[in-house]
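Chains as they are written, first to last, in this note's numbering: chain A, 1 to 157; chain B, 158 to 451.
It is worth saying that the hints were derived from the structure and are not from the lab. Be aware that a few hints might be false.
As the list claims (entries may be wrong) - Below, computed lysine-lysine pairings styled on PhoX-like, alpha-carbon distance capped at 20 Å: (1) K2/A to K213/B; (2) K403/B to K389/B; (3) K410/B to K390/B; (4) K162/B to K2/A; (5) K183/B to K205/B; (6) K213/B to K182/B.
What the hints assert, rightly or not - Simulated restraints, written as ranges between beta carbons of each label pair: (7) E174/B to E30/A: 28 to 34 Å; (8) M422/B to E123/A: 30 to 36 Å; (9) D242/B to C41/A: 24 to 30 Å; (10) K390/B to G11/A: 55 to 61 Å; (11) C41/A to T170/B: 29 to 35 Å; (12) S258/B to R69/A: 25 to 31 Å; (13) S81/A to P322/B: 51 to 57 Å.
Here the structure is a predicted model, which means the values were calculated and not measured. Don't be surprised by glycine CBs; every beta carbon is placed ideally from N, CA and C.
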Amino acid sequence: MKISIDLTVNGERHQVDTTPWITLLELLRETLHLTGTKEGCGLGECGSCIVLVDGRPVNSCLMLAVDARGRQITTIEGLVSNGDLHPLQQSFIEKGAVQCGFCTPAMILSAKALLDENPDAGEEEIKQTLSGIICRCGNYKKIIEAVRTASDGKADS
Amino acid sequence: MNRLKPFAYFEPTTLPEAIEILAAKKGAAFPLAGGTDLLVRMKRGVIKPSTIVNLKRIEGLDQIKKEPGRGVRIGALATFSAIEDSHLLRLSHPVIAQAVSVLACPSIRNLATMGGNIGRASPASDAAPFLMILGATVSLKGPQGERELGMGEIFSGPGTTASRPAEAITSLLLPDMASHSGAAYLKIGRREGMDCALAGVAALVTFSGGKREAEDTKIALSAVAPVPMRAKKAEKTILSGRLTEKCIREAAKVASEEISPVSDMRASASYRREVVRVLTYRALMTALQQAREG
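Required output: the full structure, derived from the provided sequences and hints.
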């Protein structure tokens, strides 16, 4: 059972043939070859597969690709513009917030969604926003620090 | 890759069309709302639906709107994020945004729906307790037409609802809150983010005009019985006396005694009783404080 869908990924329109049982995660990795998005548990518990759909974080392992029809998807590959890293990517590097890197795309995309909506987000909001993503390296402290550096951080001062 | 097994797929654009497909497939078809539970159980092999009926293309099923003279109606497909962000609900039922903020995590709330949560009938639902204290009714539509069930009637057991074959949950109606009312939902999990409640408590207090006696109180609990339940004995304790701290302490104890918790990997039954006592006390005190200010 083939279904043809239209979706926009990182600003680029795609028309792809898929089947109803393919998740957005599988479509991104295996059809569009955007392997920056990771599968951890595949069951919505670890958050590694988070991408932005119309600007909001969702677990792509729990979304059917057919439900991405007509939507704007942002993956970690879409954050670089004209070869320049996104400020969050820059601060993750500077603060040492990346260890094994597996949860990093989800952390950065979730943080981006938060800061796009609230550039002054403070520590509590950052923690809430990232609460669904597990970092098995246990690097939470530096991850939160990196997001705070990228935010104006006025809410805390 | 954790994959789904193939299934037949339908994407109806109207509710009658969806019900027709569900009826024709006789129990082999599952309706898909947010997918945060259904797809997980499919991947785990707990359920093996041969047909999926995706409800997301049915227009209007995700609306949150005022129903003049009755309350606020939440469409079954409204996501918890939409509910949490709803200006209308923040004004009419502030307890909802507070309760929803501890349900799973933001990325799950962007997918998960109110109707899906009720349809799943989890004993540990974070939504059922606040719906119960607010006196919500659930609207269902099936081959025999439409009907409404109270929150006290909708769950028939762990994971099962009183819905009939091919019946779909279409919306929930929340009656307006009385003035001088306050409500709170508190839960404890093993960790703060993204965990099932090992016990959850919602409490509502409505003062009479003199602000001494409670005109109404409702207490609802999750994860401490086969289905989310009202703590009716504890409610009686509150309604039979003056609304004092001592009375609330007593009601919290009564609540911890009228539950039937299990011991499982999350917590022991005796710990759950203790948690219910503490959370009921705190939820009632918070509700009381709000009712005084309201």
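Hint-by-hint comparison with the structure:
This hinted pair checks out: K2/A and K213/B have alpha carbons roughly 19 Å apart, not beyond 20 Å. Between the alpha carbons of K403/B and K389/B the distance comes to roughly 18 Å, so the proposed pair stays at or under 20 Å and holds. Straight-line distance between C-alpha atoms of K410/B and K390/B comes to about 10 Å, which keeps the hinted pair within the 20 Å bound. About 15 Å separates the Cα atoms of K162/B and K2/A, which keeps this hinted pair within 20 Å; it holds.
For the suggested pair K183/B and K205/B, the alpha carbons sit about 14 Å apart, so the restraint of at most 20 Å is met. Restraint check for K213/B and K182/B: satisfied, since their Cα atoms lie roughly 19 Å apart, inside the 20 Å limit. Take E174/B and E30/A: their Cβ atoms lie about 32 Å apart, and the range 28 to 34 Å holds. Take M422/B and E123/A: their Cβ atoms lie about 31 Å apart, and the range 30 to 36 Å holds.
Between D242/B and C41/A the beta carbons are some 27 Å apart, a value that agrees with the proposed interval 24 to 30 Å. Distance hint check: the CB atoms of K390/B and G11/A are about 59 Å apart, consistent with the given range 55 to 61 Å. Look at C41/A against T170/B: about 33 Å separates their beta carbons, and that is inside 29 to 35 Å. A beta carbon spacing of about 30 Å between S258/B and R69/A agrees with the range 25 to 31 Å that was offered as a hint.
About 53 Å separates the C-beta atoms of S81/A and P322/B, a value consistent with the hinted range of 51 to 57 Å.
The structure fails none of the hints (numbered hints given earlier).
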